[in-house]
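Chemist: Sequence:
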Amino acid sequence: MFRGRYEHIIDAKGRIKLPSRYWEVLQNKYDQNLIITNFDGCLCAFPLKEWDLLEKRILALPAMKREVRYFKRFFLGGAVDCWVDKQRRVLIPQALRGYAKLKRDIALVGVINRFEIWARERLDPQMEVVHKKFEEIVEPLGDLVF
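All the letters of the sequence shown, read from the start, carry residue numbers -18 to 127 under this note's numbering.
Calculated from the structure, these hints are not laboratory results.
The reader is advised that the hints may include incorrect statements.
Derived DEER-like restraints, expressed as beta-carbon distance ranges [claimed, not checked]:
#	residue 1	residue 2	range
1	Gln107	Phe56	35 to 41 Å
2	Ser1	Pro74	20 to 26 Å
3	Lys82	Phe56	35 to 41 Å
4	Arg38	Gln8	25 to 31 Å
5	Arg50	Trp4	35 to 41 Å
6	Lys113	Gln68	35 to 41 Å
7	Met45	Pro106	36 to 42 Å
8	Ala(-7)	Arg50	36 to 42 Å
9	Pro121	Lys(-6)	27 to 33 Å
10	Arg50	Asp(-8)	34 to 40 Å
11	Arg50	Tyr11	17 to 23 Å
12	Arg70	Lys46	34 to 40 Å
13	His112	Trp64	32 to 38 Å
Quick caveat: nothing in here was measured; it's all calculated off a predicted structure.
Cβ atoms here follow ideal geometry from the backbone N, Cα and C, with glycine treated the same way.
Can you make the complete structure from the sequences, with help from the hints?
Modeler: Laid out in structure tokens, this is it:
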């Protein structure tokens, strides 16, 4: 599973290097194929197996609802097949880099079955809000957390 926060840089060609821990997860549980898409101001990177499960759930959503159509256009329309090379690098397409405002300093955040790719200057303010409102955020989760 993908866990932890790792700070890296994106190189001039638009490549990021995966932390060795994430590489091990891909090697042991999945393969080198990732689907990367835009979401919530960052990029979400899904192993292909996890993406397939998600697509099945999305397919079950009611297609006649306007919000579902908007979501599909944005989330699925932005999805790109990416591969991890032998040096643990992933090329992030320009359109996705632009959406997430990835310039140089980035953070990778593991969220169990996927990881997020953030511009550090966008993630840090969000994390400050989470720290300030932590009790308020966690309380509705009840027994789910601990």
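Chemist: Now tell me, hint by hint, if it's right for this structure.
Modeler: Here is how each hint holds up against the structure:
Judged by the Cβ atoms, the range 35 to 41 Å given for Gln107 and Phe56 is violated: they are separated by roughly 19 Å. The supplied range of 20 to 26 Å is met by Ser1 and Pro74, whose beta-carbon atoms lie about 24 Å from each other. Look at Lys82 against Phe56: about 18 Å separates their beta carbons, and that is not inside 35 to 41 Å. At roughly 26 Å, the beta-carbon separation of Arg38 and Gln8 lies within the given 25 to 31 Å, and the hint holds.
At about 36 Å, the beta-carbon gap between Arg50 and Trp4 stays in the expected band of 35 to 41 Å. The given range of 35 to 41 Å is respected by Lys113 and Gln68, whose C-beta atoms sit roughly 39 Å from each other. A hinted range of 36 to 42 Å holds for the C-beta pair Met45 and Pro106, which are about 37 Å apart. For the pair Ala(-7) and Arg50, the beta carbons lie near 37 Å from each other, so the given range of 36 to 42 Å is met.
Separation of Pro121 from Lys(-6) is about 43 Å and departs from the stated range, judged on CB atoms against 27 to 33 Å. Restraint check, Arg50 to Asp(-8): a C-beta distance of roughly 36 Å satisfies the suggested window 34 to 40 Å. Checking the proposed 17 to 23 Å range against Arg50 and Tyr11 shows it is violated: the Cβ atoms sit about 30 Å from each other. In this structure the hint that Arg70 and Lys46 lie 34 to 40 Å apart at CB holds, the actual value being about 39 Å.
Range check, His112 to Trp64: Cβ separation about 36 Å, and the 32 to 38 Å hint holds.
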